[in-house]
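Colleague: The lines below spell out each chain.
2 protein chains.
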Amino acid sequence: MSLVTVGSVAFDEIITPFGESGKILGGAGTFISLAASLLGVENVLVSVVGEDFPQKNLDFLVEKGIDISGIEIKEGEKTFFWKGQYHNDMNSRDTLITELNALGGFQPKVPANWRNPEVLMLGNLHPLVQDSVLNQVEKPRLVVLDTMNFWMDSAWDDLLKVIKKVSVLAINDEEARQLSGEYSLRKAAKAILKMGPQFLIIKKGEHGALFFHEDEIFFSPALPLEEVFDPTGAGDTFAGGFAAYLAKTKDYSFENMKNAIIIGCALASFTVEKFGVEKLASVTKENLAERIKKFKKLSHFNLNVENFI
Amino acid sequence: MSLVTVGSVAFDEIITPFGESGKILGGAGTFISLAASLLGVENVLVSVVGEDFPQKNLDFLVEKGIDISGIEIKEGEKTFFWKGQYHNDMNSRDTLITELNALGGFQPKVPANWRNPEVLMLGNLHPLVQDSVLNQVEKPRLVVLDTMNFWMDSAWDDLLKVIKKVSVLAINDEEARQLSGEYSLRKAAKAILKMGPQFLIIKKGEHGALFFHEDEIFFSPALPLEEVFDPTGAGDTFAGGFAAYLAKTKDYSFENMKNAIIIGCALASFTVEKFGVEKLASVTKENLAERIKKFKKLSHFNLNVENFI
Chain A
1 MSLVTVGSVA FDEIITPFGE SGKILGGAGT FISLAASLLG VENVLVSVVG EDFPQKNLDF
61 LVEKGIDISG IEIKEGEKTF FWKGQYHNDM NSRDTLITEL NALGGFQPKV PANWRNPEVL
121 MLGNLHPLVQ DSVLNQVEKP RLVVLDTMNF WMDSAWDDLL KVIKKVSVLA INDEEARQLS
181 GEYSLRKAAK AILKMGPQFL IIKKGEHGAL FFHEDEIFFS PALPLEEVFD PTGAGDTFAG
241 GFAAYLAKTK DYSFENMKNA IIIGCALASF TVEKFGVEKL ASVTKENLAE RIKKFKKLSH
301 FNLNVENFI
Chain B
1 MSLVTVGSVA FDEIITPFGE SGKILGGAGT FISLAASLLG VENVLVSVVG EDFPQKNLDF
61 LVEKGIDISG IEIKEGEKTF FWKGQYHNDM NSRDTLITEL NALGGFQPKV PANWRNPEVL
121 MLGNLHPLVQ DSVLNQVEKP RLVVLDTMNF WMDSAWDDLL KVIKKVSVLA INDEEARQLS
181 GEYSLRKAAK AILKMGPQFL IIKKGEHGAL FFHEDEIFFS PALPLEEVFD PTGAGDTFAG
241 GFAAYLAKTK DYSFENMKNA IIIGCALASF TVEKFGVEKL ASVTKENLAE RIKKFKKLSH
301 FNLNVENFI
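The listed protein sequences correspond, in order, to chains A and B. The first sequence begins at 1 in UniProt numbering and counts up one residue at a time. The second sequence begins at 1 in UniProt numbering and counts up one residue at a time.
Worth flagging that the hints you see were computed from the coordinates, not collected in a lab. Certain hints may be false.
Note that identical chains are pooled: a pair holds if it fits in a single copy or bridges any two copies.
BS3-like, lysine-lysine: derived pairs with alpha carbons at most 25 Å apart [claimed, not checked]: (1) 279 <-> 297; (2) 296 <-> 204; (3) 297 <-> 285; (4) 194 <-> 161; (5) 83 <-> 293; (6) 294 <-> 194; (7) 274 <-> 190; (8) 187 <-> 294; (9) 187 <-> 293; (10) 250 <-> 78; (11) 204 <-> 297; (12) 296 <-> 56.
Required output: the full structure, derived from the provided sequences and hints.
Modeller: This is the structure we're talking about:
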């Protein structure tokens with residue numbers, strides 16, 4: 001079995017300078033699993049929703065090729081709900097409403113036939129919930145953990161414990177600074193790589209993503225788009241694309257992990273073009289191949305260093 | 001003759017969280033010309049200093065291979081002086097003192113034997129001063145203009161007139177937004193490329209540089225450094241490296257201009273490592289070649305798009 005994902009499945013309501021989404025399908029787990037399915041990777045989503053979660057949304061996930069046998073439907077509860085508003089720069093946002101609902105007492109259960117995955121993707125959740133999933137699987141080749149500043153503020157010790165056990169940590173630039181106490185991202189990376197993970201991804205939103213391993217650094221730009229319509233889920237899409245590409249190729253060399261970073265950035269560049277999962281759900285492999293070509297044109301150059309010596 | 005540069009030669013006094021520089025050699029023209037000399041490009045610096053400008057500084061420029069016959073020494077005047085303080089993030093700064101001094105009534109004169117350059121680099125100065133230099137040279141193959149928000153606020157019409165005449169405009173992200181009235185950098189670029197220049201460079205400091213031409217985009221990251229010690233002059237070093245590489249190679253294809261962007265970013269990555277010109281003055285061609293290799297490792301990947309179709 002290829003990829004086990006644990007992550008939220010939610011209702012989002014998003015306000016941007018371009019419009020309002022109304023109540024739509026969201027959640028880290030949703031974006032991660034959709035990205036994986038787009039790459040044709042067999043995957044299961046471990047999550048929880050409430051009674052109010054419509055069958056058509058479940059059908060949509062199944063239709064996309066996601067195994068939903070890990071999604072618990074909690075009786076007498078509602079689905080996790082988040083409402084947020086983006087500022088004009090589309091980089092910063094205010095949370096207007098967070099209702100944990102069913103996610104509150106979430107006790108994830110990895111289905112019995114999925115306990116031996118190639119890759120385990122721990123989406124942003126309480127570190128203890130992430131840890132409990134880690135304990136239910138047998139030696140995955142790679143464990144990727146996404147987290148955020150909220151857990152650094154509220155569950156520091158638990159977070160450090162689970163970070164210690166994973167191969168890849170994915171956080172944004174401010175979180176890397178908070179976690180390490182270093183302002184320079186290069187120094188932050190050095191400090192974080194001593195906390196357990198062998199690989200560190202620092203997500204910088206519209207400024208791309210940095211990838212660190214030992215003394216190696218790789219950087220992927222974000223594709224400059226005419227309009228970033230809704231950044232919600234971009235980081236999760238990125239993480240999902242990254243994890244799934246590695247589950248698919250089973251090549252954990254730094255060179256191939258660079259490719260996984262590019263896949264993640266390419267998929268994230270679709271997510272931001274429309275509200276929620278709308279764009280990602282309609283992307284074809286041809287669209288993705290086209291976009292990867294754009295990343296290559298954007299960042300490759302043919303400068304011959306020997307001319308300088 | 002290869003490269004004519006017009007730009008300030010100054011005294012800078014810089015305060016950063018790491019220390020204070022005291023009064024040191026600075027100025028856009030100084031950084032641009034030093035970058036060009038490092039590439040072995042024959043170049044003249046058109047500028048003005050006061051009586052207080054020490055002979056040892058002039059000797060230093062000559063020793064580096066810069067033709068200083070275009071630097072006027074103005075009697076009874078002092079040299080342009082700028083004092084600034086960087087904040088902890090090293091991205092924002094406050095100007096504490098600006099004394100224009102000799103630069104106030106600057107009337108640049110391009111030496112007679114330099115009126116037919118391959119490339120003309122117009123460093124950040126009043127647009128009318130830039131325009132007067134443009135009028136003194138005969139059809140350079142490329143004209144690069146660097147400017148800043150100060151001139152957008154104080155000399156808008158003059159700036160638009162000179163921008164119209166140049167091939168390459170180099171500004172930072174906020175300036176691109178101000179000049180175009182567009183927030184999205186992609187849209188801003190589209191608007192600015194209609195104002196005259198065929199090429200646009202958007203400098204994003206620690207987030208790298210974007211390069212636009214028609215529908216083409218190229219991006220160079222900034223090298224992630226353990227410590228940015230002093231960003232002063234990084235943008236000028238970048239512009240100097242860019243212009244000089246093209247003056248040297250005489251190849252104005254988009255592919256080769258990508259290389260010029262990388263050269264600019266690589267040279268700028270040295271400038272920020274010490275105060276003022278200290279680091280740049282000691283860089284060898286071998287150092288530069290080494291750094292270009294780092295840029296290649298940082299941004300190249302071998303993902304095979306055909307695998308997805």
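Colleague: Starting from the hint list further up, note which numbers the structure goes against and sort them upward.
Modeller: 5, 10, 12
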